[in-house]
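> Each chain, written out:
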Amino acid sequence: MRTAPAVLAAALSVSGLTYVAATPAPTRAASGVVQQAPQAASSQVAPPREPGSVRFAVIGDTGTGTSSQYEVGAQLTKSHQSFPFEFVIMLGDNIYGSERPQDFVNKFEKPYKTLLDAKVPFYAALGNHDDPTQRYYKPFNMNGERYYTFAKGSARFFVLDSNYMDQAQLKWLEDQLSRATDRWKIAYFHHPLYSSGEKHGSEVDLRTQVEPLFMKYGVDVVFAGHEHFYERIRPQNGIYYFIEGGSAKLRKGDIRKGPLTAAGLDTDFTFMLAELGKDAMQFQVLSRAGKPIDSGTLPLAEDPKRPAESKPPSVR
Amino acid sequence: MVRSLVVLGFTLFSIHVAAQQPPVNPVAQSMVDFHKRVDEYMKLRAAITKKIPEVKETGDPAKISAREQALGEAIAAARPAAKPGDLFGPDMSVYLKKTLAEDWKSRSPADRKALFEEIPNGLQLKVNQPYPTTIPLVSAPAKLLAELPMLPEALEYRLVDRYFLLRDRDANLILDVLPGVLPSRTR
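So the sequences go chain by chain: A and B.
Take 1 as the starting number for the first sequence in this note's numbering and just add one per residue.
Take 1 as the starting number for the second sequence in this note's numbering and just add one per residue.
With the rest of the complex left out, here is chain B:
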């Protein structure tokens, strides 16, 4: 009887304490989860780059492109089932889309026009595909980058067509894609 009362009391206390805890910031939690996934990717990448080390400065561009290709192929092979959203994750995808939409809304018509001029379109991009080497690399604009979670130096965000990409810089490999982040150009 006494034991039951103690257990009941403890349970009620626990419920009370839990009710007093501040709610977890969902965006912060999404960021934490995103960084965990990025960290996991970086561990995988580090293991691969032990076998395909960073190229030293060279006057032979063939060595640079060969290393880029080898690294890209090895990473893709190590993530054969990678699909859109694996790294961004569902929560982060919502946050990114919202952030990108707000950024777009804040821009002047002239700025939007200039961005559309810069961003290549008419593309179909997939995870584990090399970034097309014949089109420009358009960054997320500087103001937008300041709003996004920081990445390790090996990775970067890019805007292409209506996609928001996560790209491995030295492997020239698309790691994740978030489609439909920019309005259609016909609007």
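In isolation and in its complexed conformation, chain A is listed as follows:
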């Protein structure tokens, strides 16, 4: 078990408001941070900061085939020039509605064509709108499994099927977490354990099952979708939680800002870029127009069992 970071030092730039928060992490009450979408249109992607860091993009609830998905896809592609992420994680609801071959083309292959052509791999989690047979679709890199793990550099990713958290999956998760010696442990899946969304809200059932394992084995960051907005949750039990379910669908006005909300946006489509360095994760959230929505530095929690140095890069 690791200890929660004593201080969350995040430099936040939120739709024109810029402030630096030095926050005693989990207990501080939320301030008014749910903001309107910015109006300006220029792209302002910050480049990576550390050589050898693990860089990835985060998109969620994408598979609509609508213009918003394509706009986010174009901006994601554009951001790759300034921030050359190595791979993309998908937080579920990868294909909405019918799953005919042409749906995979229109709702996945075309919107991200440039990235796919550049051999940027996507690693998908299953959402409640996804047929579990998507795990056989090679471009989703699920290796035929509903839940799986993969390693990139100093980080290990645990991809869960939150639609069906049965005892077999929980046992697998504990086994994998207990064996992981990676410096960073990142989990992602579809349903958010914490959320300020009015329509869905926090998945308390799921939380009671998986969060004790995250805490016991030192998971650092958790990404989820399902809610059609972006939200950064105040650290909970020493874990950073993000919701990025607004990469193609939007539920305007759904965030009910409260004690959970550190930042959020429910008025425009978004995606995330993240960089796992030696001691901290840098993140930036951008709108479909490329405007910065949220950004910051999240220090790695103190953990006496964590390896001191990054391991050489490895894949899967």
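Calculated directly from the structure, the hints in this document are not laboratory data.
Mixed in with the good hints, there may be bad ones.
What the hints assert, rightly or not - Away from chain B, derived, C-beta distances all over 10 Å, residues of chain A:
| id | residue |
| --- | --- |
| 1 | P101 |
| 2 | L115 |
| 3 | F122 |
| 4 | P139 |
| 5 | Q176 |
| 6 | L177 |
| 7 | R179 |
| 8 | V204 |
| 9 | L206 |
| 10 | Q236 |
To be verified - Heads up, incomplete: computed chain B residues facing chain A, CB under 7 Å, no partners named:
| id | residue |
| --- | --- |
| 11 | A114 |
| 12 | L145 |
| 13 | R169 |
Where is the CB? At the ideal position from N, CA and C, for every residue including glycine.
Assemble chain B onto chain A, guided by the hints.
Just chain B, lined up with the frame of chain A:
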């Protein structure tokens, strides 16, 4: 005469021993019976998947959907007379309904509302019918799943409308239905 006395003595002893046996836990027995039926289904399924093998990872989604459809049709054809309750069984159905009712009762009004938001309704579902491909797959919630008998990886429970389903995951086929497990939405 002696033989009759021996037989009588043995019979009385047997009755006494039987009376001393702990009663069989009816829930445990229901689970055992349920697992037997699931095992039988899995044997049938294994025979079918020899002819329709698991699809390998592919970039061609047509191959995935073709295999799903072929598997579903073959399983349905192999169980032409399948009807509600065949796999759950009467005892297990009672247990499942009770467990689902207790789970529902334990949930807050906000949680119930959120579940109803998630669960599609207005559907008529039958055994041997493909799960409708245009509606979300809503799982039994994680806390409830922990209370239910474990299934092989090929199978899963799902909540849809007021039904509790047993579904073949890769065949997208409804194997059994238990109706009326959730309250009506008008309540």
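> If a hint holds in the structure, say so; if it does not, say that too.
For each hint, the structure was consulted:
| no. | hint | result |
| --- | --- | --- |
| 1 | P101 | violated (4 Å) |
| 2 | L115 | holds (15 Å) |
| 3 | F122 | holds (12 Å) |
| 4 | P139 | violated (6 Å) |
| 5 | Q176 | holds (16 Å) |
| 6 | L177 | holds (17 Å) |
| 7 | R179 | holds (21 Å) |
| 8 | V204 | violated (7 Å) |
| 9 | L206 | violated (5 Å) |
| 10 | Q236 | holds (17 Å) |
| 11 | A114 | holds (6 Å) |
| 12 | L145 | holds (5 Å) |
| 13 | R169 | holds (5 Å) |
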